[in-house]
Amino acid sequence: MAKPKIALYWCSSCGGCEESVIDLAEDLLTIAAIADIVFWPIAIDSKYKDVAAMNDGEITATLINGAIRMDEQEQMAKILRRKSKLLIAHGSCAHLGGVAGLANFYKAEDVLNRAYKEVPTVRNPQGILPKVKTIESGREVRLPFFHDTVKSLDQIVDIDYYIPGCPPTPELIKEAIMMVLEDGLPPRGSILAEKKALCDTCPRRDGRPDKLKIKAFKRLHETEWDPARCFLDQGIICLGPATRGGCSARCINANMPCRGCFGPIDNVRDQGAKSLSFLTSIIDSKDEEELKKIADSIPDPAGLFYRYSLASSMLRGRQ
Amino acid sequence: MNGFEPKIVGFLCNWCSYEGADSAGRARKEYPANLRVVRVLCSGRTDPQFIIEAFKEGADGVMILGCPLGDCHYQDGNFQTLRRYTVLKKVLAQFGIEEDRLRLDWVSANEGDKFVRIVWEMVNGIKKLGPLHQARVENGKT
Ligand code: SF4
Ligand code: SF4
Ligand code: FES
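Residue numbers (my numbering), protein chains in the order written: chain R, 1 to 319; chain H, 1 to 142.
Hints were generated in silico from the structure; no laboratory data involved.
With a straight-line Cα cutoff of 27 Å, these simulated BS3-like cross-link-like pairs (lysine-lysine) come out: (1) LYS114/H with LYS292/R; (2) LYS56/H with LYS292/R; (3) LYS5/R with LYS78/R; (4) LYS286/R with LYS114/H; (5) LYS29/H with LYS7/H; (6) LYS292/R with LYS89/H; (7) LYS213/R with LYS293/R; (8) LYS211/R with LYS293/R; (9) LYS211/R with LYS89/H; (10) LYS90/H with LYS293/R; (11) LYS215/R with LYS90/H; (12) LYS90/H with LYS286/R; (13) LYS90/H with LYS218/R; (14) LYS90/H with LYS107/R; (15) LYS128/H with LYS292/R; (16) LYS89/H with LYS293/R; (17) LYS107/R with LYS56/H; (18) LYS215/R with LYS89/H; (19) LYS128/H with LYS107/R; (20) LYS196/R with LYS211/R; (21) LYS213/R with LYS90/H; (22) LYS90/H with LYS128/H; (23) LYS89/H with LYS218/R; (24) LYS5/R with LYS49/R; (25) LYS131/R with LYS117/R; (26) LYS29/H with LYS127/H; (27) LYS114/H with LYS89/H; (28) LYS286/R with LYS89/H; (29) LYS90/H with LYS292/R; (30) LYS49/R with LYS133/R; (31) LYS211/R with LYS90/H; (32) LYS107/R with LYS89/H; (33) LYS90/H with LYS127/H; (34) LYS3/R with LYS47/R; (35) LYS213/R with LYS89/H; (36) LYS127/H with LYS107/R; (37) LYS3/R with LYS49/R.
Note that the structure is predicted; figures quoted are calculated from it, not measured.
Modelling step: build the complete structure from the supplied sequences, incorporating the hints.
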């Protein structure tokens, strides 16, 4: 019997998700022994035309990481959807829009101006911006079109499964691929991680008081924090209570609070609103003026609560 | 902004503010028809997701009305509302939704007059701000 085929592709991403596949290390060899990796631009020499030449549904599963910002990405997502039995959103950007999706707080024009004209490390005296079509020494050069907004993958194509995380842990990726190869997948649409919130499996959970009460939020540089005590209990914002578990609490174990990359737990439509709800519920004040001060101790609240999910949130970005 | 009639969604707590609105109605007091009322058991039940959804679905303004502080029938529900609201306003501002588009106030069961005044203030305030989705409508996006 022919080996099952696996493909991997990246869209608007930082490369971290690709790295998380490389971090499978020897396990990659195990996978390569039972499946053919037929397309993976970062690692193997296969071309778009090779994918285009495949039959529909020929690939057993494709993992796509990164959000969708450009039309080339959109087209590739659609082609890979057609050629694959299963399409898996790999990582926070594909799953929710991710950090790349924070650009939806700005207009496309502002993003391009910032990146190509304003940043102090760029010199662009002619103010050249990328264009879809440029004539260079008599030849036409084309670049993908830069869309108005960033989208999560399921806003473009149907997705069968999600592997959350920025990036996902190699363990989760391996588990997901093995589930595909061994026919052990949960119902379609599932998020392949824990069902419960991160706090549930957090190593700092035991000492955490039942009722948390916070008078002021402290930023990390403003305090010396106890590496064994629950972050929230120390007045440091941690989004563990409103974030899906499954990451092995890797930030917590590196003594950093959770920022929500695994997305919301089941049945939550808007991760930011939910995180805000929970965080404000532990504020210990009934006084309007004091509450305003405490609110001011959360810098960039929208950027905090929507760090990984802006593009897929209810409002999707700036109105 | 000629002829602009804002859509306003009001989350009114069952025990005080909804009663207050009802008493205004019984007394045949007039208030603008721009308000769509959603009855919630307690203002504290107004999940921020509801508010965001209202804006997403086309509201130009959202009001949350609850029992006066100290009088919530579930003890602390309205303090919970106040805490959320204080932070939510800042978040909405970052989304380009002006702070005045979200209002929190307290209306007790016998404050029909106050209810009417708040609705007028809200409607007039939003009329000055204009439609929330104007830009999107002009770009043909909605
Ligand atoms: S709030 Fe953060 S540190 Fe505290 S138990 Fe939850 S995940 Fe762990
Ligand atoms: S602790 Fe939070 S931010 Fe860190 S990996 Fe886990 S889910 Fe992501
Ligand atoms: S019951 Fe009215 S605010 Fe809680």
